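Please construct the entire structure, taking both the sequences and the accompanying hints into account.
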Amino acid sequence: MSTAIAASAAPIAHHETHEAGFIGRYIFSVDHKVIAKQYLTLSAVMALIGGGSSYLIRWQLAWPETSIPGWGPIGPDQYNALITMHGTIMVFFVAMPFLLGAFGNYLIPLMVGADDMAFPRLNAMSFWTIFAASSVLIASFFMPEGPAASGWTGYVPLSDKAVYTGVGWGQNLWIIALALEFASFLMGGVNFLVTGLNLRTRGMTLMRLPLLVWMELTAAVVFLLSVGPLIAGAIMLLLDRTMGTGFYQPDKGGDPLLWEHLFWFFGHPEVYVVALPGFGIMLEVIPVFARKPIFGYKVMVYSTIAAGLLSFVVWAHHMFVSGMDPRLASPFSVTTILISVPFAIILFSMIASLWGGSIRFASPMLFALGGVATFLIGGVTGIFLGSAAVDIVMHGTYFVVAHFHYTLFPVVFFGGFAGIYFWFPKMFGRMMNEKLAQVHFVITFITFNMIFIPLFFVGLGGSPRRIYELSSYDMLKHLQPLHVVATYGAIALLIGQVPFIINFLYSLARGPRAEQNPWHANTLEWTVGSPPHHPNFAVPPRVYRDPYEYSVPGAAQDYIPQNVAPEELVDIQLAAD
Amino acid sequence: MTDTTHDAAMPHNQNGLYFFIWIWLVVLLVVGLSIFGLPIPRVVAVGLIFGVAAVKAGLVLRNYMHLKHEHYLIYLIVLVPVLFFLGLALTLIPDIVFRHGM
Amino acid sequence: MAAGAHVLIPEHDDTIRQIPPGKIAIWWFLGSEIMVFGGLITAFVLFSFASHGAFAESAKHVHWKLGAINTLVLVTSSLTMILALGYARAHNLARTRLCLFLTIALGLTFLGIKSYEYSSEIHEGFVPSTSLFWSFYFGMTGLHALHMFGGLVVNGLLLIAALRKAPWDFLERRLEFAGLYWHFVDVVWIFLFPLLYLT
Amino acid sequence: MGGIFPESVSTFGGEIDSVFRLILYVVGFFFIVSEVLLVYFAVHYRRGRVPRAIYNRGDNVREFAWIIVPCLIILIFDLGIDAAGHRAWALVKENQPPADVIVNVTAKQFNWNFTYPGKDGKLGGPNDVTLENELHVPVGKIVRVTLSSQDVIHSFWVPNLRLKQDVVPGRRIVAWFEVTRPGTYEIACSELCGFGHYSMRGQIIVHTAADYARWRADMLANAGK
Numbered sequence: 095m096s097t098a099i100a101a102s103a104a105p106i107a108h109h110e111t112h113e114a115g116f117i118g119r120y121i122f123s124v125d126h127k128v129i130a131k132q133y134l135t136l137s138a139v140m141a142l143i144g145g146g147s148s149y150l151i152r153w154q155l156a157w158p159e160t161s162i163p164g165w166g167p168i169g170p171d172q173y174n175a176l177i178t179m180h181g182t183i184m185v186f187f188v189a190m191p192f193l194l195g196a197f198g199n200y201l202i203p204l205m206v207g208a209d210d211m212a213f214p215r216l217n218a219m220s221f222w223t224i225f226a227a228s229s230v231l232i233a234s235f236f237m238p239e240g241p242a243a244s245g246w247t248g249y250v251p252l253s254d255k256a257v258y259t260g261v262g263w264g265q266n267l268w269i270i271a272l273a274l275e276f277a278s279f280l281m282g283g284v285n286f287l288v289t290g291l292n293l294r295t296r297g298m299t300l301m302r303l304p305l306l307v308w309m310e311l312t313a314a315v316v317f318l319l320s321v322g323p324l325i326a327g328a329i330m331l332l333l334d335r336t337m338g339t340g341f342y343q344p345d346k347g348g349d350p351l352l353w354e355h356l357f358w359f360f361g362h363p364e365v366y367v368v369a370l371p372g373f374g375i376m377l378e379v380i381p382v383f384a385r386k387p388i389f390g391y392k393v394m395v396y397s398t399i400a401a402g403l404l405s406f407v408v409w410a411h412h413m414f415v416s417g418m419d420p421r422l423a424s425p426f427s428v429t430t431i432l433i434s435v436p437f438a439i440i441l442f443s444m445i446a447s448l449w450g451g452s453i454r455f456a457s458p459m460l461f462a463l464g465g466v467a468t469f470l471i472g473g474v475t476g477i478f479l480g481s482a483a484v485d486i487v488m489h490g491t492y493f494v495v496a497h498f499h500y501t502l503f504p505v506v507f508f509g510g511f512a513g514i515y516f517w518f519p520k521m522f523g524r525m526m527n528e529k530l531a532q533v534h535f536v537i538t539f540i541t542f543n544m545i546f547i548p549l550f551f552v553g554l555g556g557s558p559r560r561i562y563e564l565s566s567y568d569m570l571k572h573l574q575p576l577h578v579v580a581t582y583g584a585i586a587l588l589i590g591q592v593p594f595i596i597n598f599l600y601s602l603a604r605g606p607r608a609e610q611n612p613w614h615a616n617t618l619e620w621t622v623g624s625p626p627h628h629p630n631f632a633v634p635p636r637v638y639r640d641p642y643e644y645s646v647p648g649a650a651q652d653y654i655p656q657n658v659a660p661e662e663l664v665d666i667q668l669a670a671d
Numbered sequence: 008m009t010d011t012t013h014d015a016a017m018p019h020n021q022n023g024l025y026f027f028i029w030i031w032l033v034v035l036l037v038v039g040l041s042i043f044g045l046p047i048p049r050v051v052a053v054g055l056i057f058g059v060a061a062v063k064a065g066l067v068l069r070n071y072m073h074l075k076h077e078h079y080l081i082y083l084i085v086l087v088p089v090l091f092f093l094g095l096a097l098t099l100i101p102d103i104v105f106r107h108g109m
Numbered sequence: 002m003a004a005g006a007h008v009l010i011p012e013h014d015d016t017i018r019q020i021p022p023g024k025i026a027i028w029w030f031l032g033s034e035i036m037v038f039g040g041l042i043t044a045f046v047l048f049s050f051a052s053h054g055a056f057a058e059s060a061k062h063v064h065w066k067l068g069a070i071n072t073l074v075l076v077t078s079s080l081t082m083i084l085a086l087g088y089a090r091a092h093n094l095a096r097t098r099l100c101l102f103l104t105i106a107l108g109l110t111f112l113g114i115k116s117y118e119y120s121s122e123i124h125e126g127f128v129p130s131t132s133l134f135w136s137f138y139f140g141m142t143g144l145h146a147l148h149m150f151g152g153l154v155v156n157g158l159l160l161i162a163a164l165r166k167a168p169w170d171f172l173e174r175r176l177e178f179a180g181l182y183w184h185f186v187d188v189v190w191i192f193l194f195p196l197l198y199l200t
Numbered sequence: 025m026g027g028i029f030p031e032s033v034s035t036f037g038g039e040i041d042s043v044f045r046l047i048l049y050v051v052g053f054f055f056i057v058s059e060v061l062l063v064y065f066a067v068h069y070r071r072g073r074v075p076r077a078i079y080n081r082g083d084n085v086r087e088f089a090w091i092i093v094p095c096l097i098i099l100i101f102d103l104g105i106d107a108a109g110h111r112a113w114a115l116v117k118e119n120q121p122p123a124d125v126i127v128n129v130t131a132k133q134f135n136w137n138f139t140y141p142g143k144d145g146k147l148g149g150p151n152d153v154t155l156e157n158e159l160h161v162p163v164g165k166i167v168r169v170t171l172s173s174q175d176v177i178h179s180f181w182v183p184n185l186r187l188k189q190d191v192v193p194g195r196r197i198v199a200w201f202e203v204t205r206p207g208t209y210e211i212a213c214s215e216l217c218g219f220g221h222y223s224m225r226g227q228i229i230v231h232t233a234a235d236y237a238r239w240r241a242d243m244l245a246n247a248g249k
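Residue numbers (this note's numbering), protein chains in the order written: chain A, 95 to 671; chain B, 8 to 109; chain C, 2 to 200; chain D, 25 to 249.
Hints in this document: simulated from the structure, not taken from any laboratory. Predicted model only: the values in this text are computed from it and were never measured. Heads up, some of the hints might be wrong.
List time: in silico DSS-like cross-link candidates among lysine-lysine, alpha-carbon distance up to 27 Å [as the list claims (entries may be wrong)]:
no., chain 1, residue 1, chain 2, residue 2
1, D, K132, D, K146
2, C, K61, C, K115
3, A, K255, A, K346
4, A, K131, A, K529
5, D, K143, D, K132
6, A, K346, C, K166
7, A, K346, C, K115
8, D, K132, A, K571
9, A, K255, D, K132
10, D, K132, A, K346
11, C, K166, C, K115
12, D, K165, D, K143
13, D, K165, D, K146
And the structure:
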């Protein structure tokens, strides 16, 4: 059956790859699988920088008067720069290249049955653009006045004039890095959409696409349509900083709230740009390890689209107390609450998919379920912030910090690690060590909660976020022990990644060879070799069924890959009988 | 993936139509400019000028960009962003135009 | 492999796949461009309402006649661009080259007039930092001019391809995609002109 | 929420806290149900116990009702939360009651300046008095603060009052509160405003009526000198 079909795929060489040397094959490759690995490497490097900065931030918050081991003391201006860079790096240079760049690039063509992205060279260009963006961002660390220090939201006028933060070119480079990053994902997003919509193989109708593809495509649409106003806003910000214009300066007739609106018009959808692919990974993993179809595939697709559309009409809930017209608050409260419904459907369907399953707790499944369990906390705490009245108290406090880490960490890291453990055999042709993976999960799960549950209480206690020292307020001093707990958690979380790094690097070189379909999964990427050769499919595959046909009654095997023709199925059946 | 299957729906030689549309575009430009000179209330003039601009844009989109022969997906790709940015503009009116609190 | 007998869902119901990939890509790109210019236009219109007539006052200093000429130039370049595609479809190489050449010439004329406008305005003392209107004026027309420039580069490459007798299907397809972009830039100007010059 | 929240000392603080509690109970219930189901399903349907899964796709209405009905219930509860929240929001932010005491608040990097009416009892006159980082108000009176900023966006945040309002340059944003208990409470800046953001601390000193009169007389006398 499928094994035989795919085995024939292996020997056919593609004129492009076999001619190319090392540079052509690994550096300026146009193969989506290589580009995906480049994205993965980039996001790993950036995650080390972003995660390392969280160590400095957490140490400073727990023991403000001490010098940070391995670094030295940091001042308030450095602290602001660190939180700015931590946010910018984690959202734009870790989450997006990881979930969209790496997994989207690797899996969309394979899952829809295409040989490569629709525009391979554009794909390479989008990677090298984000590479340039990352370089610019890292270069900003070495500017004389340091990197941008106005928060990852870059609120004006703080970011609008150098005098307010004392940062000159660091902030300009921050804008340029973001602009390049947006350009990169504009190219990438277009490529995703064309690949997912037009390069589907025969029989791969829209309603047979794996949910990860649906979610990546929705994320791409949401990104493409939401980033425009922020690009316009960033152009205005750069002009303000370099040409002396006054788009955001009230004394020149400008308005600081314009930036907030433009930023959050993008910023909220951006959360879904990151969250949806993370869910997509969990949704690929859960059916495989529960040996069950996803519960309510179609409604899940519609919910995804609904969440994508609704994400454009909720942005002002970030601005309830920003000084915008208070009459706007209640309509935006309602839309914010409405958007919880599609997400509730997605999460409940994930839980319902477990019912009646035969669940194997391999490491991808552990991370996927851990992601669902923790995202629920992020989801329900969002209701507090979505209610305008409670947001008066919660806005700008550590409650917000804990909330968005509880939404983004589960999708980016629990989802992302689930994806890595799941597709590592496909990507690198070797298996990872399961014991180390489980240790990694247990440490990550416990320490993550240990960091952010205390921070909810710091926020409820009234502590504003982004403050260098809690002890400058008498009313907050009693919250200090919570910060200490969180910092122990953060350090343990960072150390807890060591088993993963060891596991990854060791398995890369020495892991046992992976079979073509080690998890007995159905989607098309498992019907080709591990790792796949350059033209992914020797013969364009043909799709006959839905992506999650596990444990079909009467079938000999508990999985039926998408490309198994009905008559082949009959043959298997007869042989089994 | 070839273009030919898709473009078959489109009549072949359309150069005459393109000239015709161009004449309309020039006429509408003149119309827009003459509204600018008319002694009518500014609000009405602005409304008319943008009406004319919208008609011109529609002519270019439908004929030069062949939107009238396109799949509904292409319409969606154009219309959804227009709706989103109009929504953005409407939502910002109370803040930017009336400057709540100023 | 399986024969056609077991196709569970007929292939032709899925019309999206029949759109050429390049076309769908360029439209997605234009969709996000609509949001970029939409954001700028939104900001301009709202600030214009908020300015209590200051914008209209400043707008008296822009050279609306030059703007009108430029509109004519750009609309005409759209015509030559679409004619280039029309002639390419008719496999008339000489006229395709001529139309492409005219498009580029008209585009350069537009940029020339635009830079003359800029320099005379700057001589009159209107620079981006003069007032919010001028910030928008220079920002929006500058971004538009950058888009024009990008389009000119693409058209120039296409002209070179046409001069080198590139295959027809290549020329037809590229001319269509470059044309979509060029017409979009034209549409943007159709709105920018009344916004900045006439109101 | 004693112990977790700072003590509430404004007239509307209780309203906000009760909306918080309402949300806590509603989402807490659904949260616990979801987590319990998640863990129960995961443990109950483990491979060792259930060798072969049940094939159900949840693609008919009868099965999917298991998802849709809870979601509709959540939606109804959510709209209830919105209604309750709207009342509290309108009370705090939308309706400005007539003020007994008015103070202008000017935020700048990294200070709060509080400007009080001078002898003429009106703000904006030549004899206004400005104090740094100290807001004196009487208990049981409606205080209106007009917030403006000289440089960047700050945020006027008094946890005990349950009042937060961003201070935006170019705008004069009005907020109100009525304190129910005399005492000294802290004002924090809760919008990143530069390197001194963490130390942009102010105090709100709530006097009894008699104390307030005495303080005001002293202040005017000092200002006259």
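Verification of the hints:
1. A threshold of 27 Å between alpha carbons decides the hint, and for K132(D) with K146(D) the separation of about 23 Å falls inside it, so the pair holds.
2. A hinted pair counts as satisfied when its Cα atoms are at most 27 Å apart, and K61(C) with K115(C) qualifies at roughly 17 Å.
3. For the proposed pair K255(A) and K346(A), the alpha carbon gap of about 13 Å is at most 27 Å, so the pair holds.
4. As the CA atoms of K131(A) and K529(A) are separated by approximately 24 Å, the hinted pair is consistent with the 27 Å bound.
5. A distance of roughly 26 Å separates the Cα atoms of K143(D) and K132(D); the hinted pair therefore holds under the 27 Å criterion.
6. Of the supplied pair hints, the one linking K346(A) and K166(C) is violated, its CA atoms being roughly 55 Å apart against a limit of 27 Å.
7. Proposed proximity of K346(A) and K115(C) is supported: the alpha carbons are some 26 Å apart, at most 27 Å.
8. Using a Cα cut-off of 27 Å, the hinted pair K132(D) and K571(A) holds, with the two alpha carbons roughly 25 Å apart.
9. Proximity of K255(A) to K132(D) is assessed by CA-CA distance (about 15 Å); at most 27 Å being required, the pair is judged to hold.
10. Distance check on the hinted pair: K132(D) and K346(A) sit about 19 Å apart at the alpha-carbon level, within 27 Å; holds.
11. Between K166(C) and K115(C) the CA atoms are separated by roughly 33 Å; this puts the pair beyond 27 Å, and the hint is violated.
12. Distance check on the hinted pair: K165(D) and K143(D) sit about 20 Å apart at the alpha-carbon level, within 27 Å; holds.
13. For a cut-off of 27 Å, the pair hint linking K165(D) to K146(D) stands: about 17 Å separates their Cα positions.
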